[in-house]
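Residue numbers (our numbering), protein chains in the order written: chain U, 1 to 272; chain F, 1 to 288; chain P, 1 to 447.
Because the hints were derived from the structure by calculation, they are not lab data. The beta carbon of each residue, even a glycine, is placed where N, CA and C say it ideally should be. Just so you know, not all the hints are guaranteed correct.
Claimed, not checked - Label pairs and their calculated CB-CB ranges: (1) Gly15/F / Glu218/U: 31 to 41 Å; (2) Gln253/P / Tyr202/F: 30 to 40 Å; (3) Gly131/U / Leu209/F: 44 to 54 Å; (4) Gly91/P / Tyr164/U: 53 to 63 Å; (5) Glu49/U / Leu370/P: 33 to 43 Å; (6) Leu445/P / Gly15/F: 56 to 66 Å.
As the list claims (entries may be wrong) - PhoX-like mimics (lysine-lysine), calculated; alpha carbons at most 25 Å apart, straight line: (7) Lys132/F / Lys198/P; (8) Lys35/P / Lys46/F; (9) Lys8/F / Lys101/U; (10) Lys443/P / Lys135/U; (11) Lys296/P / Lys374/P; (12) Lys195/P / Lys122/P; (13) Lys260/U / Lys103/F; (14) Lys135/U / Lys69/P; (15) Lys69/P / Lys35/P; (16) Lys296/P / Lys132/F; (17) Lys374/P / Lys44/F; (18) Lys69/P / Lys122/P.
Here is how the chains run, residue by residue.
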Amino acid sequence: MTSTRSLWTQIALLVVIITVCVFPFYWMVTTSLKTQIVALESPPVWLFEPTLDNYREALFEDGVLQTLLNSLVIAVSTTVLALILGVPAAFALARFEFRGKKDLWFWFITNRMVSPIVLALPFFLIARNLGLLDKHITLILIYLTFNLPIVIWIVTDQFRGIPYDLDEAARLEGASQFTIMRRICLPLAMPGVAVSAIFSFIFSWNELMFGLILTRTEAKTAPAMAVSFMEGYNLPYGKIMATSTLIVIPVLIFALIASKQLVRGLTMGAVK
Amino acid sequence: MRGQVSRKTVFAFIGPAVIGLAVVGIAPLLYAVWTSLHFYNLTKLKRVEFIGLENYMTVLTDAVFWQAMGRTFFLLGTALPLQLALGLMIALVLHQPGLTLIKTLCRLSLVLPMATTYAVVGLLGQVMFNQKFGVVNQLLGGADINWIGDPENAFAMIIFWDVWQWTPFVALVLLAGLTMVPGEVEEAARLETKSKWTVLRYVQLPFLLPGLVAVLILRTADTLKLFDMVFTLTRGGPGSSTEFISLMIQRVGFRGFDQGLASAQAIILLIITIILAQIYIRVFYKEV
Amino acid sequence: MKTLRNLLGATAVSSMMATGAIADGHGWSLAEAAKPYAGTTVDVVFLLRPGYEAIEAMLPVFEEATGIKINIIKHPYENALGEQVRDFVAGGDLDIALIDLVWMGNFAENEWVLPLADVQAKFPDIVDPTLDLDDFFPLVLNAFGGWNDTIYGLPVDNYSGLMFYNRCMLEEAGFDGPPSTWQELKDVYGPALTKDGKYAFALQSKRNETQSADSFARVLWPFGGSFLDENFRSNLLSEESQAGLQFRQDLMQYMPDGIVAYDHAETVNAFSQGDVAMITEWSAFYSSVVSADTSKVADCVEIAPEPMGPAGRKPALGGFSMAVASQADEAEQAAAYLFIQWATSAENAREYLERGGVPARQSVYQQDGLEAFKFVPALVESWQDGVPEFRPRFAEWPEITEIVQEWGTKMMLGEVTTVEGAEEIGTRMEAVLDAAGYYSGDKPLAQ
Numbered sequence: 001m002t003s004t005r006s007l008w009t010q011i012a013l014l015v016v017i018i019t020v021c022v023f024p025f026y027w028m029v030t031t032s033l034k035t036q037i038v039a040l041e042s043p044p045v046w047l048f049e050p051t052l053d054n055y056r057e058a059l060f061e062d063g064v065l066q067t068l069l070n071s072l073v074i075a076v077s078t079t080v081l082a083l084i085l086g087v088p089a090a091f092a093l094a095r096f097e098f099r100g101k102k103d104l105w106f107w108f109i110t111n112r113m114v115s116p117i118v119l120a121l122p123f124f125l126i127a128r129n130l131g132l133l134d135k136h137i138t139l140i141l142i143y144l145t146f147n148l149p150i151v152i153w154i155v156t157d158q159f160r161g162i163p164y165d166l167d168e169a170a171r172l173e174g175a176s177q178f179t180i181m182r183r184i185c186l187p188l189a190m191p192g193v194a195v196s197a198i199f200s201f202i203f204s205w206n207e208l209m210f211g212l213i214l215t216r217t218e219a220k221t222a223p224a225m226a227v228s229f230m231e232g233y234n235l236p237y238g239k240i241m242a243t244s245t246l247i248v249i250p251v252l253i254f255a256l257i258a259s260k261q262l263v264r265g266l267t268m269g270a271v272k
Numbered sequence: 001m002r003g004q005v006s007r008k009t010v011f012a013f014i015g016p017a018v019i020g021l022a023v024v025g026i027a028p029l030l031y032a033v034w035t036s037l038h039f040y041n042l043t044k045l046k047r048v049e050f051i052g053l054e055n056y057m058t059v060l061t062d063a064v065f066w067q068a069m070g071r072t073f074f075l076l077g078t079a080l081p082l083q084l085a086l087g088l089m090i091a092l093v094l095h096q097p098g099l100t101l102i103k104t105l106c107r108l109s110l111v112l113p114m115a116t117t118y119a120v121v122g123l124l125g126q127v128m129f130n131q132k133f134g135v136v137n138q139l140l141g142g143a144d145i146n147w148i149g150d151p152e153n154a155f156a157m158i159i160f161w162d163v164w165q166w167t168p169f170v171a172l173v174l175l176a177g178l179t180m181v182p183g184e185v186e187e188a189a190r191l192e193t194k195s196k197w198t199v200l201r202y203v204q205l206p207f208l209l210p211g212l213v214a215v216l217i218l219r220t221a222d223t224l225k226l227f228d229m230v231f232t233l234t235r236g237g238p239g240s241s242t243e244f245i246s247l248m249i250q251r252v253g254f255r256g257f258d259q260g261l262a263s264a265q266a267i268i269l270l271i272i273t274i275i276l277a278q279i280y281i282r283v284f285y286k287e288v
Numbered sequence: 001m002k003t004l005r006n007l008l009g010a011t012a013v014s015s016m017m018a019t020g021a022i023a024d025g026h027g028w029s030l031a032e033a034a035k036p037y038a039g040t041t042v043d044v045v046f047l048l049r050p051g052y053e054a055i056e057a058m059l060p061v062f063e064e065a066t067g068i069k070i071n072i073i074k075h076p077y078e079n080a081l082g083e084q085v086r087d088f089v090a091g092g093d094l095d096i097a098l099i100d101l102v103w104m105g106n107f108a109e110n111e112w113v114l115p116l117a118d119v120q121a122k123f124p125d126i127v128d129p130t131l132d133l134d135d136f137f138p139l140v141l142n143a144f145g146g147w148n149d150t151i152y153g154l155p156v157d158n159y160s161g162l163m164f165y166n167r168c169m170l171e172e173a174g175f176d177g178p179p180s181t182w183q184e185l186k187d188v189y190g191p192a193l194t195k196d197g198k199y200a201f202a203l204q205s206k207r208n209e210t211q212s213a214d215s216f217a218r219v220l221w222p223f224g225g226s227f228l229d230e231n232f233r234s235n236l237l238s239e240e241s242q243a244g245l246q247f248r249q250d251l252m253q254y255m256p257d258g259i260v261a262y263d264h265a266e267t268v269n270a271f272s273q274g275d276v277a278m279i280t281e282w283s284a285f286y287s288s289v290v291s292a293d294t295s296k297v298a299d300c301v302e303i304a305p306e307p308m309g310p311a312g313r314k315p316a317l318g319g320f321s322m323a324v325a326s327q328a329d330e331a332e333q334a335a336a337y338l339f340i341q342w343a344t345s346a347e348n349a350r351e352y353l354e355r356g357g358v359p360a361r362q363s364v365y366q367q368d369g370l371e372a373f374k375f376v377p378a379l380v381e382s383w384q385d386g387v388p389e390f391r392p393r394f395a396e397w398p399e400i401t402e403i404v405q406e407w408g409t410k411m412m413l414g415e416v417t418t419v420e421g422a423e424e425i426g427t428r429m430e431a432v433l434d435a436a437g438y439y440s441g442d443k444p445l446a447q
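Let's have the full structure, built from the sequences with the hints guiding it.
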């Protein structure tokens, strides 16, 4: 039905979209393989002799490896925590009736809209007083402010989509609400749970502001590390791009593998 | 009977989440409110004193604050329509049958910008848009445009990256909406009229609406929070041409150390965000 | 194991030093003095700049001799103040304060640092008899480490503004030397060197401390202007100040586009890539512009003092001192003092210089074999009569610098005239000073 010309237009458009999406990454990786002198060539060069020096320096001399591990530990832990707290809460919001349910839901969601700036200094002072500065646990906890809402938003919708009859059947057999959630609904809600976990991980991994303020050396996150290369003395572009690549690649791979779920998750809270 | 459970059960399920969020969300917020009511400057802690709503008055009458707000909304007003238009176009193209291989590749590519660390986007922008060794100028045919150092160009650059990063999101959300249109209805409509526009307006739009609302809410909230990418790209400069509201608050609070004023600004920002969210949800969201 | 090794190391070094000490007849040795504090960890913030790298390279000797561990936390300059303020406010771990000269008033008034004399009185045994405070350039010692007639810190990372110029580019344009006055730079060198995509000059002006220190202040003082008059009122509307600010506006035509977004890195880069013929930058960047790894023009680089204005030569003054933090506990205070004393000692100055640092010891610059360090003559001259209050160092500076940065950049972007901008800065500056109590007599007029 589609004419050849419109077919070619479509192909052209798709290629353009793909190129626009991917090109910045291509540039990031190629720059990371350049020495400083090559990187500063004007106009920029596309063919050159690559070097792995930037990566070696960043990872082993500047401590980027440690920060990547920190980010990993923090992102995974906070995701797990958000799931442990959020899934039951989502179940309650989807299944139970109680006063103030609507407002509670609204409060959960608005937390995601709070600008981190509001919380940054108070959290700093509180953490300092409790001796929790530069510790992983601090970030793990504070990331809940945006992870928990995500989990609740997505998983609540997911639970709502499950037919109530299954619940009732289990109820008749004397199952507790907890068992219902665990045995019946959770397995069916896994796609949504998985999606929210992915989102939570990605947002935690990418987070910058709290990482900058609440960590120093022990628990420094990778994005905070990347930014600290930008001292006004001598901008090591190659190294900055290398660090950026290291930060971005894991998440991109993750996102690509889970792309189907990601897309589904995007629409989860949206298309309802 | 449905949904009626004991108080205890409700607490058991929802309690931990509420407590968790209250600890990390409410406690600092209360502290921020407290500092906003005081003269609280980190380098002048000897002079902490209660000044009531004076900080708020300063903020509300400060031209710089409203300029920053204005700039932020201007960004929203220019970037969002672009994202919607482009996103819709992409969604429509992807919605058409055929060319599955390229389409899958396209869908995969679309995921990439969204998952990228915002800070990295900013750093990448510095490298790509540099006047001398940036690839953008090279691709524009050897142009010599000063992106980062020119107030207007810098703003355009921010719009570019915002669109680059979030159009995929819009596209995928709208695409999901399109896939929910029952096949027969769509086919029937296409048989009735040749106008793509009519099909879009009357058949597809209702299914796109929920997605559009979600996009609206999320993009508004995120633009008001926008920090990482701009911070690493321009630090708010040149001058104050890309100083959006979050950057301004950060500057006042963390470079000027006036926490009282910064808290007042942040709280006003929070109130504005909540009001907007309430409006969107009340007007558009049918159910909760 | 480690203590054994430390002990052996300490013994080895102390025996070396003992020999030296016997030869000197002083009887004081670093290892001896540090003995009670071995095993202490001292936390300090360092910047990502050559001077600090030099100290880091020299560190093992100190740590071996004393058994004191120095824990270095690196931050870009931009974050250094915020990090330290937050640390001191919240009672953190830092044992040494790294003080930019403009933070001095702040840190001293908040009592975050201890006067040097107090520390020396508390721990008389750790004071090196060869410390010789007089050996420091007086201007530098007072400006970087002193406040209100008290010395708190010793200058460690020291800068003067210098003129870096590209001899090759200048020769090509027919000049056999750099300009000696700002006027000459603008009227003669400017037009001659700005062509074919190259520029005569670049003045780093980014909207952060760079704008205040490097750009704004730099054109005030040589023209006879200043931030404040004797009554601490704004002096920016004076004829001299306006002359300077207007000069900067006129000079912009010979600078690259978007100069308002140029920080040190961009400026030094532009010079190193051969795009700009002259820059007035901090001495610290010397090693970067003469190294073939980072500079295309390494062979063409020459140094001169900054140009003179109608009011004389008033080069930019900047630098950092290290002082003992009051929040440190006893052992940490002593250990911190030992480190500061060692890092800024006359003995170590030569090695520090050779590794890329810039010491503030007069004695080191009188030694032989310094020809490789082209910046030395200009530097020494600059430190003879620079202006200590090049930027006011009082506690209100963080607020005021924000104001200067905002309106200074607005002036350069042409969004306001120099008069309007000066008025805005003046009003706001006076409001800050008023609230701080300078006008009502609550605070002495110290800067």
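Verification of the supplied hints:
1. For the pair Gly15/F and Glu218/U, the beta carbons lie near 32 Å from each other, so the given range of 31 to 41 Å is met.
2. Hint check: Gln253/P to Tyr202/F, Cβ distance near 60 Å, so the stated range 30 to 40 Å is violated.
3. Evaluation of the 44 to 54 Å hint for Gly131/U and Leu209/F yields a pass: the beta carbon distance comes to about 50 Å.
4. Checked against the hint of 53 to 63 Å, the C-beta distance between Gly91/P and Tyr164/U comes to roughly 55 Å, which is consistent with it.
5. Range check, Glu49/U to Leu370/P: Cβ separation about 38 Å, and the 33 to 43 Å hint holds.
6. Hint check: Leu445/P to Gly15/F, Cβ distance near 59 Å, so the stated range 56 to 66 Å holds.
7. Between the alpha carbons of Lys132/F and Lys198/P the distance comes to roughly 12 Å, so the proposed pair stays at or under 25 Å and holds.
8. The suggested pairing of Lys35/P with Lys46/F is violated, with an alpha-carbon distance near 38 Å, which exceeds 25 Å.
9. A C-alpha spacing of about 15 Å is found between Lys8/F and Lys101/U, which places the hinted pair at or below 25 Å, so the restraint holds.
10. Taken as a hint, the Lys443/P and Lys135/U pair is broken in the structure, with Cα atoms around 41 Å apart against an allowance of 25 Å.
11. Restraint check: the Cα-Cα separation between Lys296/P and Lys374/P comes to about 18 Å, which is no more than 25 Å; the hinted pair holds.
12. Between Lys195/P and Lys122/P the alpha-carbon distance is near 62 Å, which puts this suggested pair outside the 25 Å criterion.
13. Taken as a hint, the Lys260/U and Lys103/F pair is honoured in the structure, with Cα atoms around 13 Å apart against an allowance of 25 Å.
14. Taking the CA atoms of Lys135/U and Lys69/P, the gap is near 21 Å; set against the 25 Å cutoff, the hint holds.
15. Restraint check for Lys69/P and Lys35/P: satisfied, since their Cα atoms lie roughly 13 Å apart, inside the 25 Å limit.
16. Distance restraint check for Lys296/P and Lys132/F: the Cα-Cα separation of roughly 15 Å lies within the 25 Å cut-off, and the hinted pair is therefore satisfied.
17. With a C-alpha separation of about 43 Å, the suggested pairing of Lys374/P with Lys44/F is violated against the 25 Å cut-off.
18. Taking the CA atoms of Lys69/P and Lys122/P, the gap is about 21 Å. The hint holds against a cut of 25 Å.
Hints 2, 8, 10, 12 and 17 from the earlier list are contradicted by this structure; the remaining hints agree with it.
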